[in-house]
Amino acid sequence: MDKSFDIPTTPIQFEKIAVNPGPSCMSFGFDMKPLLNSIKKIGLINSPILIKKRKGEGAVQYEVIAGFRRISALRALSLNPIPCRILPSETPSLDCLLINLYENLCSRDFNPVEKGMVLTRLLDLIPEREVLDTYMPLFDLPSHRETLHLFAGVEKMFDHQAKTLLASEYLSMKAAKLLIEMDGTERNMFCGYFSAVRFSKNQQTQFIDLVSDLSHIENSPVTCLLMDPRLKDIRDNPQMNNPQKARALITVLRKKRLPRLTKAETGFKQMVEKLALPPAFQIVPPPFFEGAQYRLEISFENGKDLKERLQFVANNERLAAFINPWKMNL
Amino acid sequence: MAGYPIKETIVEEGALESPMGRRILRHTPVRSIRRSLEGSTRDNMGKDALHLLHHRGEFLKPCPGTKEYICCGYQILNVATNCPLDCSYCILQSYFMNQPNLRIHVNLEENLSGILACIDNSPHQIFRVGTGEFADSLALDPIARWTDILMGPFSTRKNAVLEFKTKTTNIQGLIASPYRDRIIVSWSLNSPLIAATEEKGAATLKQRLEAAGKCQSEGFVVSFHFDPMIAHENWREGYLKTIELMDRYLNPKGIIWISMGSLRFMPDLKRIIRKRHPRSVILNGEFITGLDGKARYFKPIRMELFHFMREKLESWHRDTGLYLCMESNEIWRKTMGWSPGNSNGLKRFLDDRVRKIFG
Ligand code: SF4
Chain A
570 MDKSFDIPTT PIQFEKIAVN PGPSCMSFGF DMKPLLNSIK KIGLINSPIL IKKRKGEGAV
630 QYEVIAGFRR ISALRALSLN PIPCRILPSE TPSLDCLLIN LYENLCSRDF NPVEKGMVLT
690 RLLDLIPERE VLDTYMPLFD LPSHRETLHL FAGVEKMFDH QAKTLLASEY LSMKAAKLLI
750 EMDGTERNMF CGYFSAVRFS KNQQTQFIDL VSDLSHIENS PVTCLLMDPR LKDIRDNPQM
810 NNPQKARALI TVLRKKRLPR LTKAETGFKQ MVEKLALPPA FQIVPPPFFE GAQYRLEISF
870 ENGKDLKERL QFVANNERLA AFINPWKMNL
Chain B
11 MAGYPIKETI VEEGALESPM GRRILRHTPV RSIRRSLEGS TRDNMGKDAL HLLHHRGEFL
71 KPCPGTKEYI CCGYQILNVA TNCPLDCSYC ILQSYFMNQP NLRIHVNLEE NLSGILACID
131 NSPHQIFRVG TGEFADSLAL DPIARWTDIL MGPFSTRKNA VLEFKTKTTN IQGLIASPYR
191 DRIIVSWSLN SPLIAATEEK GAATLKQRLE AAGKCQSEGF VVSFHFDPMI AHENWREGYL
251 KTIELMDRYL NPKGIIWISM GSLRFMPDLK RIIRKRHPRS VILNGEFITG LDGKARYFKP
311 IRMELFHFMR EKLESWHRDT GLYLCMESNE IWRKTMGWSP GNSNGLKRFL DDRVRKIFG
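Heads up: the sequence lines are chains A and B, in that order. Residues in the first sequence are numbered consecutively from 570, following this note's numbering. Residues in the second sequence are numbered consecutively from 11, following this note's numbering.
Just so you know, the hints here were simulated from the structure itself, not pulled from any lab data. Incorrect hints may appear among the rest.
[As the list claims (entries may be wrong)] So, partial list: chain B residues that the calculated Cβ filter (under 8 Å) puts toward chain A:
(1) 68
(2) 130
(3) 132
(4) 143
(5) 285
(6) 286
(7) 287
(8) 292
(9) 293
(10) 310
(11) 311
(12) 348
(13) 351
(14) 352
We treat Cβ as the ideally placed atom computed from N, Cα and C, and that holds for glycine.
Working from the sequences, and respecting the hints, build out all of it.
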């Protein structure tokens with residue numbers, strides 16, 4: 570490839586440019602507003618790059634190599650013709666891809682779906698080792714095969730809904746990793762929940778994990794579990810906000826998956842309630858009751874106040890009834 | 011060969027300069043020999059490929075343990091990595107996913123004097139050494155002949171014992187050896203259901219215990235590890251059955267120790283287990299995140315497992331050197347009736363067992 574990228578611009582009519590992104594374009598799930606505003610304010614700064622199609626289809630004679638978003642914005646603003654740089658039609662596919670990649674890398678971050686698109690196309694054109702060593706670091710990704718195939722898997726296996734969730738951060742990469750191993754129907758059903766309820770990243774993996782575990786334990790398909798009316802009712806409940814729904818869904822599943830732990834958690838809460846401690850006192854259990862020590866937190870204003878509160882605790886007869894909140898089956 | 015199908019042997023550069031490497035290759039009816047590692051990333055972790063190479067790191071290393079739970083101060087002798095068996099719970103699946111093949115470190119003999127010097131330089135420390143942490147100690151012994159290489163030197167050291175930990179019946183090398191002193195032959199045991207369904211390629215429980223009985227009658231000290239214990243349906247009946255089998259084949263007086271540990275795993279292993287062993291039931295229990303970041307059973311479940319086993323094993327024989335692997339002081343006290351307090355205490359307890367049994 571000629572290293573100095575010095576191609577003069579040529580005005581091209583919209584109608585002659587393909588409406589869909591070409592194989593070198595890697596845009597997914599972008600917000601056009603900032604670009605529209607910028608073009609309205611100062612015009613087009615960087616002209617798109619096109620390639621002349623070997624075979625035109627109707628009026629369409631050019632495919633987009635870089636600048637698909639800009640062309641879409643210009644179309645929306647009806648700014649016709651568009652000043653474009655035209656590559657010769659014999660330009661190799663890899664060069665076209667790299668032109669797009671480096672042009673975009675200079676100006677923006679890639680979302681995970683876009684990373685998957687680029688990496689998949691690179692895998693078609695160059696050896697895997699080169700993709701790992703040269704291109705993964707460009708995306709701040711470790712040069713691991715597993716990571717590479719995870720991103721390529723997103724491109725190949727995720728449908729539009731799943732990709733949209735991932736690109737808009739409604740779905741974390743960690744959750745995507747779990748979903749990729751499922752079949753399409755299961756994945757779609759999970760995505761149905763993730764588009765209806767905004768889970769935190771942690772909750773996403775927890776939700777998938779709990780449902781998958783229950784599916785194994787109960788020997789029941791994931792799809793059946795996700796159709797459970799109790800879950801669907803929470804998901805579709807208009808009275809609840811997002812965090813409430815996410816918490817409620819996890820609670821229902823946890824209770825089923827971890828019956829003894831959740832029972833102990835409830836038992837602990839009831840025991841603490843029975844102690845009827847004033848709000849200045851808080852008893853904190855060890856995480857999952859794994860450690861041996863509970864913690865008593867006391868808030869106080871000064872030494873005198875603390876002394877009184879400590880005395881109050883010391884005199885609380887009910888404390889003696891505080892025991893580990895689980896039953897042993899010995 | 012060793013009962014495990016080896017489809018190819020990969021020989022890394024320099025491996026044939028070692029007598030051990032040459033010996034292995036001579037006695038291995040290889041289908042193909044490769045000198046390159048390209049293409050050796052395999053879905054089955056290369057469990058059918060023998061890989062001869064030089065180990066670049068230290069051979070003898072203390073077991074890393076963790077400060078959150080009480081550990082036993084074991085020393086790992088890293089003679090090989092990976093194993094031809096395929097237990098669903100095997101931690102090596104995550105350790106060695108990217109280091110496939112049955113890797114035998116053929117420079118062991120050249121490094122033996124250094125290993126022994128390390129032991130001899132601390133005459134007051136007892137070295138409890140095992141080869142079964144990154145591989146099954148005996149699965150590949152018919153090929154690697156570790157028993158030939160290691161038993162003599164360890165047998166003559168007063169401050170060390172060598173434990174061969176296995177799920178196989180490959181005891182030919184042991185029996186053929188003239189050495190008995192300071193050698194411990196050890197079997198991992200489980201309930202019959204887990205042994206039959208989750209320990210692919212392993213000998214049946216009965217075969218393991220028969221082999222253990224044979225070793226006892228040949229003058230070996232034996233030990234057992236109930237690790238990982240799994241709280242599956244009807245686990246009480248299952249583990250009791252195993253203890254009944256132990257009673258049938260073993261003399262409890264010749265047991266130096268029996269350890270118990272419940273299933274624990276780094277979160278990443280879960281995905282691998284689901285993928286490689288889709289029918290496995292081991293992940294069905296109630297797991298929480300332990301203080302060391304590993305998943306382990308909710309505390310009362312572990313307590314039930316250990317309490318039950320302690321009661322049954324102690325009613326079989328009171329003095330089997332029963333101990334817990336990677337558990338908390340609290341669980342020790344509540345299930346065993348005593349606690350070593352910390353890792354040093356457990357080390358002392360096990361060192362005393364060594365002195366008691368071997369003198
Ligand atoms: S025998 Fe041990 S090393 Fe081999 S697969 Fe089973 S757990 Fe892993």
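Run through the hints listed earlier and report the numbers of any the structure violates, in increasing order. Structure breaks hints 1, 2, 3, 4, 6, 7, 8, 12, 13 and 14.
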